[in-house]
Amino acid sequence: MPDEVFDQIIDDVVSGEFAPGESLPSERKLAEVLGVSRPAVREALQRVAQAGLVEVRQGDATTVRDYRRHASLDLLPRLLLPRGELDPAVARSVLEARLLIGPKVAAMAAEKAGTRLGNALMESIAGLEGDEDPVLRQRHSLVFWDRIVDGADSIVFRLMFNSLRASYEPALAALATVMEAEVGKVEMYRAVADAIVAGEPGRAGRAAEELLTPATEAMLAAIRKLEAMP
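Residues in the sequence shown are numbered from 0 upward in steps of one, following numbering that gives the first Met the number 0.
Incorrect hints may have been included.
To be verified - Derived DSS-like pairs: lysine-lysine, alpha-carbon spacing no greater than 27 Å straight-line:
1) 184 <-> 111
2) 184 <-> 224
3) 184 <-> 103
No lab work stands behind these hints, which were simulated from the structure alone. None of the values given here were measured: they were computed from a predicted structure.
Hey, can you work out the whole structure from these sequences and the hints?
Spelled out as structure tokens, the structure:
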């Protein structure tokens with residue numbers, strides 16, 4: 000039950016139902032409205048506070064915080080699909096981050112891991128070549144990048160990748176057509192892998208950018224159309 004209360008409060012904060020600076024209803028009132036026990040509400044509020052979205056003061060009201068200034072990347076999947084509907088602005092941010100981060104991570108992997116990634120990357124590429132299902136190809140691509148992130152040996156990029164992946168995975172089927180421009184070009188994945196294994200950061204970064212740009216630009220164009228719709 001605390002999970003359901005937690006989800007409800009998070010959704011209300013992200014959607015703007017509860018604005019920054021606003022006081023939440025009392026535990027008793029929330030319990031009545033949501034049809035749950037006060038201990039369930041109390042536990043959920045503690046978790047929301049740990050996520051940085053509210054401030055709980057003993058003996059005082061629970062105040063909503065501005066998630067843009069206090070939340071972490073863990074919130075990203077919820078921001079992307081608030082109440083089950085895609086937020087185009089957040090989707091655009093995710094794509095922009097993907098295009099900026101990917102080449103840098105590939106360059107770092109080439110510098111730090113090099114030949115150690117050879118077998119793992121070739122295994123992912125073999126999966127891309129052997130699978131015709133567009134959703135499965137995207138999953139092979141995610142594994143490919145997961146291994147590159149490991150090679151980059153950066154906890155910051157690892158946590159960022161985890162959040163971006165969690166945002167992206169629910170939309171694999173919906174993105175299958177537009178992502179074919181990327182996951183269908185196995186030779187470009189091989190170019191990234193070859194540059195990493197050769198230990199050439201500059202070439203790895205350029206190859207990663209060439210791989211990621213076409214699908215990213217196609218998706219950004221689709222998002223701009225969505226944003227322009229009345």
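A quick look at each hint next to the structure:
Only pairs whose Cα atoms come within 27 Å are accepted, and residue 184 paired with residue 111 is accepted, the gap being roughly 26 Å. For the hint pairing residue 184 with residue 224, the CA-to-CA distance comes to about 26 Å; that is within 27 Å, so the pair holds. With a C-alpha separation of about 20 Å, the suggested pair residue 184 and residue 103 falls inside the 27 Å cut-off, and the hint holds.
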